[in-house]
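Novice: Given chain A, put chain B in place with the hints provided.
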Amino acid sequence: MRYVVGAVADLPPGSSTVVYPDKVKSGIGVFNVGGQFYALKNTCPHMGGPLCKGRVRGTTEADATDEERVGMHWVREGEIIACPWHHWEFDIRTGRTLFASRQRVRSYPVTIEPLEVLERLKKGVETIPVSVEGATVVLDI
Amino acid sequence: MIIDCAVHPVLSSERFNKFVGGPWNLRQLPTLFGEKYGAPFDQLAVPADEASSPAAVANCLRGAKIDYAVLSPTTFGYWPNPHQGVAVAQAANNMLAEDWLNAPEADGRFLGSIRVPMNDVDAALGEIERWADDPRFVQIVVPARGLATYGDQRFFPIWRTAAERGLAIFIHDDLSAVVEPPPTQVGFPSFYAEIHALRPLSGIVHLTSFIVSGVFERLPDLRVVLGDVSVHEARALAIRTDKDWQSDRIEVPWMTKEPTAYLERHVRFVSQPEDEISPHSLRSTGTLGGDNSSLVIFGSRHPYWDGVNADEVFPKWSGEERARCLGGNAVQFYPRLAALN
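Protein chains in written order, with our numbering: chain A, 467 to 607; chain B, 17 to 357.
Derived pair list, reagent style DSSO-like, types lysine-lysine, alpha-carbon separation capped at 27 Å:
1) A:519 <-> A:489
2) B:81 <-> B:332
3) B:273 <-> B:259
4) A:519 <-> B:259
5) A:507 <-> A:491
6) B:259 <-> A:507
Computed beta-carbon distance windows for the label pairs:
7) B:348 <-> A:491: 44 to 54 Å
8) B:66 <-> A:552: 50 to 60 Å
9) A:532 <-> B:141: 12 to 22 Å
Simulated from the structure, these hints should not be mistaken for laboratory data.
All residues carry an ideal CB built from backbone N, CA and C; glycine is no exception.
Isolated chain A, as found in the complex:
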């Protein structure tokens, strides 16, 4: 089913929101990373924490270019979500952990629909926030 999140204008780059469709009671986080939208289940695969309520940030990367010593850089600002419970980090774009692991957050397709599509959706979708006008963020659940 399709679920209308809200107006694109209300979710500028760097912002995120959590919506609660009936089908996914724990919620789904919707993120605008540099103009691209991504959606992750609001459940951390570690202990079930409300992942998408965590902090959107960058992360560290090792710098081993000098073999005499190791250094680190701050990279990927705005591309990582850290769970508020235990700070596990996930790539917002993929739902994957930052190093090899079988654990992964479920992700959902997000589309941006123009006004005319929204009108057609109105019949089928679960909810349409009254404020939505213009381009709209829509989830496929």
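Specialist: Same frame as chain A, now just chain B:
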């Protein structure tokens, strides 16, 4: 094949003074073995003159059917005077090579450990180079009671040289050191029984430091042997580190594997009294962690009273598991032991 990875020849003071030279021998050096916390009994299980006799030790090993013994004399840890520290390390290595490794009675069974002064990394590297071409030296021995954690950047050149030269690192509690911090984070234990039980503490600190500061990640060939930490203590700590690993990774992004993965690849543990965590354990697995029989190497700790004999370790394990601990693991782990086969 039985390889005894922890034999501690006692360097007799009189003879050592000849090796260390002046001015260090002008006054009596502290004895090179023993614990400042005195046990109410002799710490040697054999008469002192036998503990410092290559022929007597060789005879003892022959009786125990030991094929090779890795010798690591204790030299009282850190010496505050860096020049004296260098002199002590050089003298210990010279004496080990001349009196022990070259001893005709040893019949080629003795292998050596290079002592290095840890307060002078350049001198340590010089000392490693002085001996590294001698294939009988299979490891570098460093005191567990250090003045800094061994993952610290300042020590890295020593570990890199060890990895490049195929020398293992043996972290051994020298029982006591000329200078050292309090033996625990909460100060000084009161009794010998306490400090004897707490011996694994320093080794655990260095193990965690090696893993977390990325030394193993940077040196895939580095091999570290812990002389006073049991595989169970280390497993417990590594599992604890694994547990919060995804949270802590941001601070140490050079770590690409779980802490336990580094432990299993890079570290082995000399047999300890608590290895058989239950006297009824029939197998090496199913206690704590994975297959522990592949991580333990036999060390008798001769001539100390709290040592073990090869026929006493893991009496209930399968023959295959015992064989790994008694020889197979060491041959596989120490780069220079592999050449013996």
